[in-house]
Amino acid sequence: MPSDSFNPFRVIPVLLLEEGRLVKTIRFSKPSYVGDLINSVRIFNEKEVDELAILDIGASKRGLSPNFDLIKDVTNECFMPLAYGGGISDANQVRKLVEMGVEKVIINSAAMARPALVSEAAKEVGSQSVVVSIDIKKTLFGGYQARSVSGTKKVAAASLQALVKDFVEAGAGEILLNNIDRDGTLLGYDHALLKQVCTVASVPVISCGGAADVADLGKAVAQSGASACAAGALFTFRGPHRAVLLSYPKPAEVNEALRTSSIP
Amino acid sequence: MKTRPYQICTHCVMDTSDPEIVFDSAGVCNHCHDFEHHQKPQLIGGSAGAVALDAIVTQIKEQGKGQEYDCIIGISGGVDSSYVAYRVLELGLRPLAVHVDTGWNSELAVSNIEKIVSALGIDLHTTVIDWEEMRDLQLAFLRSGVANCDVPQDHTFVAVLFKLAARKSIRWIISGHNLQTESILPEAWGYTSIDRKHLRSIHNLYGSRPLRTFPTYSLFDYTFYWPFVKRNKILKMLNFEDYNKQSAKQFLIERFGWRDYGGKHYESRFTKFFQSYYLPKKFGFDKRRAHLASLVVSGQLSREAALSELELPPYNEAEAAEDCSFVAKKLGINKSELESIIAASPKTYRDYPSNADLIDRLLRVKAKLARLLRSDK
Numbered sequence: 001m002p003s004d005s006f007n008p009f010r011v012i013p014v015l016l017l018e019e020g021r022l023v024k025t026i027r028f029s030k031p032s033y034v035g036d037l038i039n040s041v042r043i044f045n046e047k048e049v050d051e052l053a054i055l056d057i058g059a060s061k062r063g064l065s066p067n068f069d070l071i072k073d074v075t076n077e078c079f080m081p082l083a084y085g086g087g088i089s090d091a092n093q094v095r096k097l098v099e100m101g102v103e104k105v106i107i108n109s110a111a112m113a114r115p116a117l118v119s120e121a122a123k124e125v126g127s128q129s130v131v132v133s134i135d136i137k138k139t140l141f142g143g144y145q146a147r148s149v150s151g152t153k154k155v156a157a158a159s160l161q162a163l164v165k166d167f168v169e170a171g172a173g174e175i176l177l178n179n180i181d182r183d184g185t186l187l188g189y190d191h192a193l194l195k196q197v198c199t200v201a202s203v204p205v206i207s208c209g210g211a212a213d214v215a216d217l218g219k220a221v222a223q224s225g226a227s228a229c230a231a232g233a234l235f236t237f238r239g240p241h242r243a244v245l246l247s248y249p250k251p252a253e254v255n256e257a258l259r260t261s262s263i264p
Numbered sequence: 001m002k003t004r005p006y007q008i009c010t011h012c013v014m015d016t017s018d019p020e021i022v023f024d025s026a027g028v029c030n031h032c033h034d035f036e037h038h039q040k041p042q043l044i045g046g047s048a049g050a051v052a053l054d055a056i057v058t059q060i061k062e063q064g065k066g067q068e069y070d071c072i073i074g075i076s077g078g079v080d081s082s083y084v085a086y087r088v089l090e091l092g093l094r095p096l097a098v099h100v101d102t103g104w105n106s107e108l109a110v111s112n113i114e115k116i117v118s119a120l121g122i123d124l125h126t127t128v129i130d131w132e133e134m135r136d137l138q139l140a141f142l143r144s145g146v147a148n149c150d151v152p153q154d155h156t157f158v159a160v161l162f163k164l165a166a167r168k169s170i171r172w173i174i175s176g177h178n179l180q181t182e183s184i185l186p187e188a189w190g191y192t193s194i195d196r197k198h199l200r201s202i203h204n205l206y207g208s209r210p211l212r213t214f215p216t217y218s219l220f221d222y223t224f225y226w227p228f229v230k231r232n233k234i235l236k237m238l239n240f241e242d243y244n245k246q247s248a249k250q251f252l253i254e255r256f257g258w259r260d261y262g263g264k265h266y267e268s269r270f271t272k273f274f275q276s277y278y279l280p281k282k283f284g285f286d287k288r289r290a291h292l293a294s295l296v297v298s299g300q301l302s303r304e305a306a307l308s309e310l311e312l313p314p315y316n317e318a319e320a321a322e323d324c325s326f327v328a329k330k331l332g333i334n335k336s337e338l339e340s341i342i343a344a345s346p347k348t349y350r351d352y353p354s355n356a357d358l359i360d361r362l363l364r365v366k367a368k369l370a371r372l373l374r375s376d377k
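Chains B and F are the protein sequences, given in the same order.
Residue numbers 1 to 264, in full-length UniProt numbering, belong to the letters of the first sequence in order.
Residue numbers 1 to 377, in full-length UniProt numbering, belong to the letters of the second sequence in order.
Simulated from the structure, these hints should not be mistaken for laboratory data.
Quick reminder that beta carbons are idealized off the backbone N, C-alpha and C, glycines included.
Among these hints, one or two may not hold up.
Taking lysine to aspartate or glutamate pairs in the EDC-like style, the calculated list, with each CA pair at most 16 Å apart, reads [unchecked claim]:
hint, chain 1, residue 1, chain 2, residue 2
1, F, Lys-335, F, Glu-322
2, F, Lys-329, B, Glu-77
3, B, Lys-250, B, Asp-4
4, F, Lys-329, B, Asp-73
5, B, Lys-47, F, Glu-62
6, B, Lys-96, B, Asp-69
7, F, Lys-233, F, Glu-62
8, F, Lys-335, B, Asp-73
9, F, Lys-115, B, Glu-253
10, F, Lys-329, B, Asp-69
11, B, Lys-250, F, Glu-114
Taking CB as the label site, the calculated pair distances span [stated by the list, open to error]:
hint, chain 1, residue 1, chain 2, residue 2, range
12, F, Leu-369, B, His-241, 31 to 37 Å
13, F, Val-229, B, Pro-240, 25 to 31 Å
14, B, Ala-158, F, Ser-336, 35 to 41 Å
Kindly generate the complete structure, drawing on both the sequences and the hints.
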């Protein structure tokens, strides 16, 4: 029987940054301003979240490096494990981030352009600290297409499953599966997509994009094979007016969601 | 400043830390007299209060027919606004709860709001103030050296509520202000937040980026456009019941799992720093004194209990140091700059352009106009 004082799997709020401002997108576009980064980090800190992910969604698009000053401010404030992604393009940056107190680096665009970066990063800081984010968009024909550079560029790959395997082989310690079509919609994870990826990935897969409620998180782990769940809108907005109000479920709720979803 | 001998009111706990305080021959202060003559008559508790409130509630329901919401309530996570949310639902009203996020929310504030709105099923709207503008304005006020550095939060809060009311055609705004717990506040301790000219003049002098999106309002909005054109009305509903802060807190804790945050208005991290540390340290104003005095005059606290609470220091050194470093970091200045701001000699609002005289006159005209309109009916 899992203890109700801990989450049975990692539940990760995702904060998006664009030019230093905290935003939330819908399907990777229409960024709306949701407040101050440092205060939001502080609030999640006090909510004792398992892990926090910060993604700078403007960095790669604009060809910028990570904003190290800003990240330093965050790591100073942040007592929980922090994952950072956005604008990472070489192993030196990876090492610098980890030295600053970032627990895990999340690589997307640069890894898609140059997969060798994943093994270089893993060599530098260890696989356990390297997360490869794969952004997925459904194709017109119902297949899944990986994309990079904030969803704007198609990634050439034999298949999604082959892409996942390649990154795991290269040294990715985790896969962050980010669903562009569901992002910010609160419509629920795409569990079919999740299953496809989880069956081939030998490392933890973090589900991201569309989480509807706590039950959906339980389902992702119990039925679709995810190891952890990430969500932005779910922990940022509340109610029909999408009112900004940061929240995080209690371990008892997460345990309950997992139990309910585990019943065959 | 000329020094005067220390004196404390024999009835409440206000003292000469209010430079404008006046005592009668029995040693009772002007605040006590003011409460007795002007504010106490507005407090209608018991069954008379219930009847009066019921009549207003009927009117609100009538005027809100066919609308999605019939009233707006501000919600901060503090005790007064949380209790109002509960009471409004109990009275059968259909409120839209509005929260203004100025970037200073504590975790306690957001979780209290979450508990209240989800338990009661109230729709929430949040206006998020652009933090870079908020930061710039807040810093400008601190650098100006005036006492009321909470003007930016207070001003924009009112702007957001009324603008949203206008946009959604909601007439009534139900407020948690109440005379039982906040009747006394010396004017010398801080200038009004309704004066946009004052806000802008301080920002022009000490700010460094334009306020493009920061919600503000004019004196014209406040004294004429909202009340007479938009016909917005404010209901301070707690004045119609025997509102007791302590029992309201207890009730919220038991019913909603609401959590207490210590001092008054400490749901905002800035306000906590400002009231518990900045004001006592820089100006010698201890807002607890006014809050406790209010409770004493309304009979919710004995004078002895208030005095013994005032024996405790307004802040604890370790906590104040932590608050200072957080505030400095949030404002993007180093700790020594914040320390020098606190150490600089105090200024008053009169050192900066303001509409103080105009406000005085306008408020008198507004009151007269409101009386005329009432007698018309």
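Requested in this report: Determine which of the earlier numbered hints do not hold for this structure and return their numbers in increasing order.
Outcome: Result: hints 5 and 14 break, sorted rising.
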